[in-house]
Amino acid sequence: MSERIGITVTVNGTRYEREVEPRLLLVQLIREELRLTGTHIGCDTSYCGACTILLDGEPVKSCTMLAVQADGGEVLTVEGLEKDGKLHPLQEAFSEHHGLQCGYCTPGMLMSAYYLLEQNPDPSNAEIRKGIQGNLCRCTGYKNIFAAISDAAAKMQTGS
Amino acid sequence: MYPAPFDYHRANSVDEAIGMLSDIGEGARVMAGGQSLLPVLKMRFDELTDIVDIGRIPDLNQIEENGNGVSIGALTTHSCIAASALAGSVPILLDCASGIADVQVRSRGTIGGSVASGDPSCDWPALLHTLDAEIQCQGPNGTRTLDINGFVEDLYQTALQPSEIITGIRFKRPGAGSGGAYCAFKRCAPAYPTTSVGVQLTITDGQVESARVALGSSGLTPIRAQQAEAELEGQSLGAGQIGRAADAAVAASDPVDDQRGSADFKRQLIAHLTKRAIGIAERRASGEQVVNSHEYY
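Just so you know, the protein sequences line up as chains P and U, in that order. Position 87 of the first sequence, counted from 1, bears residue number 89 in our numbering, the numbering being contiguous throughout. Position 281 of the second sequence, counted from 1, bears residue number 290 in our numbering, the numbering being contiguous throughout.
Everything labelled a hint here was simulated from the structure, so no lab data went into it. Check before you lean on any hint, since a few could be wrong.
In silico lysine to aspartate or glutamate, EDC-like type, Cα no more than 20 Å apart, as pairs [stated by the list, open to error]:
#	chain 1	residue 1	chain 2	residue 2
1	U	51	P	34
2	P	157	P	124
3	U	51	P	5
4	U	51	P	46
5	P	132	U	304
6	U	51	P	23
Generate the whole structure from the sequences, applying the supplied hints.
This is the structure we're talking about:
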């Protein structure tokens, strides 16, 4: 048994201190220790992007990081998108445009889309495709996901 | 999937990392961004006892330019390189940095990790052959600078000595009349390339003065296709020369059948990517702006 390491991670604004095994993956810390199960484990091989979260503002695959690597960091998960009981415009748009079927990829899609719109508030269709290139969806064929992100971008720009 | 248990050490300086690696011995592995190491740990393909995390060592993530000399710190991420002024003016760097895997992997993966992994599918080792890059290393016996040629000695094996780490990558900024391109084809964004080809050409008065052609994901190591370079040097570029260079690149490759494609498919792809990379490199050498990056279905 390896020595546990003390870490501090702020997730969606809440500070957590934990003693963790070095081999604990960041996604396991988020889901199993902090019980934030919105972040999904999909392929577990760094392909599918279902586990995407933002770490210090940058998107990462939380199944391909150790929890100890996030020590001192700020994490944003899908649970952190909602503000004051109101869904984020991206979440509204995914619902409105039916940007999901089974919903498994959705938390990761939302986090990648969130990062994309932060970097580029008015992305072209090609830029949207590139922005979610690390997130696989096996249901929708992506069409409604593109439409949802595009619509959310437009609504966020006009503030409606 | 859980990695097997290991002990974790976070190094705050290069000296401290080397000390930790020396103390632990052969069970130690270096982790930078972890994008190559984590999948290996989860599959339990490597028996290690300890991880030395160098990811937070300060000052190893800087891009510096001194005259025409360029130095990229080992911990510089693919996304930082893609966003840099350097990549804006040396387009072959942008081709590579903006196309590796996907947004998420690019925000963690580092150029030093890509080179140190010794994985022939990693993009940077192949690309760095086209820039005659040098690898700066530091170990218990001090610092040394190694040529990228021969740095990856065999599959997952590099010229790094025990307890030695890569601290940076150096090369000369390509001059006027020089243009390069890195063309990679992959099955989907997060996948490693099926094959890739990097080309750098310096063209004076319509003649190729110097050429570099390097292949990734085309054998057990990155491959410099010197016969392909010879077919181009001293020539003015036409379909004949480009075709002969593509044939020579294929002859230098050693692909195998795997889940990314058959060896024969990969040979056809290498020929195609070589021709395309030469074409883009030629246009860029003449000052034209050409957008290019990894392609996938």
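Right, here's what the structure says about each hint:
no. : hint           : verdict
1   : U:51 to P:34   : 17 Å, holds
2   : P:157 to P:124 : 10 Å, holds
3   : U:51 to P:5    : 19 Å, holds
4   : U:51 to P:46   : 9 Å, holds
5   : P:132 to U:304 : 11 Å, holds
6   : U:51 to P:23   : 14 Å, holds
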